[in-house]
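Protein chains in written order, with full-length UniProt numbering: chain C, 1 to 197; chain P, 1 to 197.
Note that these hints are calculated values from the structure, not bench results. Positions of the beta carbon are idealized from the N, C-alpha and C atoms, including for glycine. Hints may be right or wrong, so weigh each one.
[As the list claims (entries may be wrong)] Here are the computed lysine to any residue pairs in the SDA-like style, where the Cα-Cα straight-line distance is at most 25 Å:
no., chain 1, residue 1, chain 2, residue 2
1, C, LYS35, P, MET94
2, P, LYS76, P, TYR155
3, C, LYS101, C, ALA73
4, C, LYS35, P, ALA25
5, P, LYS35, C, ALA89
6, C, LYS35, P, GLY149
7, P, LYS76, P, THR133
8, C, LYS35, P, THR133
9, C, LYS195, C, ASN144
10, P, LYS35, P, GLU56
11, P, LYS35, C, ASP148
12, C, LYS35, P, THR137
13, C, LYS76, C, ASP148
14, C, LYS35, P, ARG16
15, C, LYS76, C, THR137
[As the list claims (entries may be wrong)] If the Cβ cut is set under 10 Å, some of the chain P residues that face chain C in the computed set are:
no., residue
16, ARG16
17, LEU17
18, GLY19
19, LEU20
20, ALA44
21, ARG55
22, LEU58
23, GLN171
[Stated by the list, open to error] If you want the footprint, here are the derived chain P segments under chain C, 3+ residues with CB under 8 Å:
no., region
24, 29 to 35
25, 60 to 71
26, 81 to 95
Number of protein chains: 2
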Amino acid sequence: MSDRNDIDALIEMMARLPGLGPRSARRAVLHMIRKRALLLQPLADQMARVAQTARECLNCGNIGTSDICAICASEKRATGLICVVEDVADLWAMERAAVFKGRYHVLGGTLSALDGVGPDDLRIPALLTRIETEAVTEVILALNATVDGMTTAHYIADQLEGRVTLTSLAQGVPIGGELDYLDDGTITAALNARKPV
Amino acid sequence: MSDRNDIDALIEMMARLPGLGPRSARRAVLHMIRKRALLLQPLADQMARVAQTARECLNCGNIGTSDICAICASEKRATGLICVVEDVADLWAMERAAVFKGRYHVLGGTLSALDGVGPDDLRIPALLTRIETEAVTEVILALNATVDGMTTAHYIADQLEGRVTLTSLAQGVPIGGELDYLDDGTITAALNARKPV
Numbered sequence: 001m002s003d004r005n006d007i008d009a010l011i012e013m014m015a016r017l018p019g020l021g022p023r024s025a026r027r028a029v030l031h032m033i034r035k036r037a038l039l040l041q042p043l044a045d046q047m048a049r050v051a052q053t054a055r056e057c058l059n060c061g062n063i064g065t066s067d068i069c070a071i072c073a074s075e076k077r078a079t080g081l082i083c084v085v086e087d088v089a090d091l092w093a094m095e096r097a098a099v100f101k102g103r104y105h106v107l108g109g110t111l112s113a114l115d116g117v118g119p120d121d122l123r124i125p126a127l128l129t130r131i132e133t134e135a136v137t138e139v140i141l142a143l144n145a146t147v148d149g150m151t152t153a154h155y156i157a158d159q160l161e162g163r164v165t166l167t168s169l170a171q172g173v174p175i176g177g178e179l180d181y182l183d184d185g186t187i188t189a190a191l192n193a194r195k196p197v
Numbered sequence: 001m002s003d004r005n006d007i008d009a010l011i012e013m014m015a016r017l018p019g020l021g022p023r024s025a026r027r028a029v030l031h032m033i034r035k036r037a038l039l040l041q042p043l044a045d046q047m048a049r050v051a052q053t054a055r056e057c058l059n060c061g062n063i064g065t066s067d068i069c070a071i072c073a074s075e076k077r078a079t080g081l082i083c084v085v086e087d088v089a090d091l092w093a094m095e096r097a098a099v100f101k102g103r104y105h106v107l108g109g110t111l112s113a114l115d116g117v118g119p120d121d122l123r124i125p126a127l128l129t130r131i132e133t134e135a136v137t138e139v140i141l142a143l144n145a146t147v148d149g150m151t152t153a154h155y156i157a158d159q160l161e162g163r164v165t166l167t168s169l170a171q172g173v174p175i176g177g178e179l180d181y182l183d184d185g186t187i188t189a190a191l192n193a194r195k196p197v
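Taking the hints into account, I'd like the entire structure generated from these sequences.
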C-alpha cells in the first residue's frame with residue numbers, strides 16, 4: 001500500500017531493535033500513532049536529543065551525556081576501587097543495586113579467540129593505565145559467569161597480579177532462588193563456598 | 001546519576017510501549033545509542049515524520065498518510081464489498097494475507113456494556129452510511145471470535161438484515177494446526193462445518 005510507506009519504514013526500523021520483532025513492532029507503532037501527540041512526537045524528540053548528547057565516558061566507558069560520566073566525575077565515589085564489567089548494561093545493573101560506591105571500568109565485551117577479540121579490542125590497556133594514574137588498590141572483577149567472561153577475568157587477573165588486590169563477585173544461590181530451579185553448577189558453587197551460620 | 005537524565009527519560013518512554021518493559025527498553029536504548037548514527041537518529045527522524053503525516057482514513061478508519069487511504073482510493077479494489085474489522089491491526093493482518101480485494105471498515109473497537117461502549121462510540125453509523133453511498137452488496141464480518149466481538153457482529157447483522165448479503169469468516173482448524181493443541185470450541189466448530197472431500 002503506497003501510502004503506508006512511511007509507516008512501514010518505521011515498523012521495519014522498530015523491528016530491528018533487540019526484543020522486538022515484526023509483530024510487536026507493528027503493535028508498538030500502531031499504539032504510538034494512536035497517541036501521536038502524547039507519545040510519538042515526544043519520543044522522536046527525545047531520541048533526537050539523545051542521539052546528539054549520548055557519548056561514552058572517556059575514562060570508564062560508561063554511557064552518559066558528558067565526556068566524563070557522572071560516576072567518574074563524582075567526588076562521593078571512592079577512588080582506588082574499580083569494578084570491572086563487560087558492558088554498560090552490567091554497570092547500570094550494579095548502579096540499580098546502589099551498593100557499590102567505587103568507580104567502574106567497562107571492557108566493552110570479552111576476549112574471544114573464536115570472534116578474534118584480543119585485549120587491545122577491549123578497554124584493557126585503558127584499565128592498566130587507570131591502575132597507575134588513579135592509584136587503584138582493589139579491582140573487583142564483575143564479569144559474567146560465562147566461558148568468555150571467565151577467560152577474560154583470568155587474563156586481567158594475570159596482568160594485575162601483585163599490583164592490586166583482586167576480588168570477584170561471590171557465586172551462590174540468588175536471593176529468592178529455589179534450589180529446585182537452580183542448575184548444578186550454581187548449587188556446587190554455593191555448597192563449596194558455604195558459610196557458618 | 002544526574003547526567004543520565006536524558007537517557008533515563010528515553011528509557012522510561014520506550015518502556016511505555018506495548019511489548020516492552022523497563023528491562024527490554026534499557027536494552028533497546030543501549031543498542032540504539034551504540035548505533036546512534038545508523039539507528040537512533042534515523043529512527044527519531046522517521047518517528048517525527050510519521051507523527052506529522054499519519055492520519056485515519058476519513059472513509060474506513062485505516063491508518064495511512066492521506067485523508068483517504070490507499071485502499072479506499074484504489075480503483076483496483078472491488079466496490080460494493082466491505083470487510084468489517086475491529087481494529088487497524090486486523091486490517092493489516094488481512095492485507096498481509098493479500099487475498100481480499102474489496103474495501104474495509106474499521107470499527108475502532110467492539111460494543112461493550114461493561115466499558116460503556118455503544119454503537120455511536122464505534123464507526124457503526126459511518127458503516128451504515130457507506131452501505132448506501134457505496135452501493136454495497138456484501139458485508140463480511142471479520143470480527144474477533146470473542147464475546148464482545150460476537151455481540152458486535154450480531155448487532156451489525158441486525159442493522160443490515162435484508163439490506164446486504166452478510167457473511168462471516170469461516171471457523172475451523174487453522175492451517176498447520178494440530179488437533180491435540182486446539183480448544184474444544186474450535187474442534188466443535190470445525191466438525192459442525194465439515195465439508196465433503
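Tested hints:
| no. | hint | verdict |
| --- | --- | --- |
| 1 | C:LYS35 x P:MET94 | 23 Å, holds |
| 2 | P:LYS76 x P:TYR155 | 30 Å, violated |
| 3 | C:LYS101 x C:ALA73 | 13 Å, holds |
| 4 | C:LYS35 x P:ALA25 | 19 Å, holds |
| 5 | P:LYS35 x C:ALA89 | 15 Å, holds |
| 6 | C:LYS35 x P:GLY149 | 24 Å, holds |
| 7 | P:LYS76 x P:THR133 | 18 Å, holds |
| 8 | C:LYS35 x P:THR133 | 31 Å, violated |
| 9 | C:LYS195 x C:ASN144 | 23 Å, holds |
| 10 | P:LYS35 x P:GLU56 | 33 Å, violated |
| 11 | P:LYS35 x C:ASP148 | 24 Å, holds |
| 12 | C:LYS35 x P:THR137 | 35 Å, violated |
| 13 | C:LYS76 x C:ASP148 | 33 Å, violated |
| 14 | C:LYS35 x P:ARG16 | 12 Å, holds |
| 15 | C:LYS76 x C:THR137 | 17 Å, holds |
| 16 | ARG16 | 7 Å, holds |
| 17 | LEU17 | 4 Å, holds |
| 18 | GLY19 | 4 Å, holds |
| 19 | LEU20 | 7 Å, holds |
| 20 | ALA44 | 4 Å, holds |
| 21 | ARG55 | 9 Å, holds |
| 22 | LEU58 | 13 Å, violated |
| 23 | GLN171 | 22 Å, violated |
| 24 | 29 to 35 | holds (count 5) |
| 25 | 60 to 71 | holds (count 7) |
| 26 | 81 to 95 | holds (count 4) |
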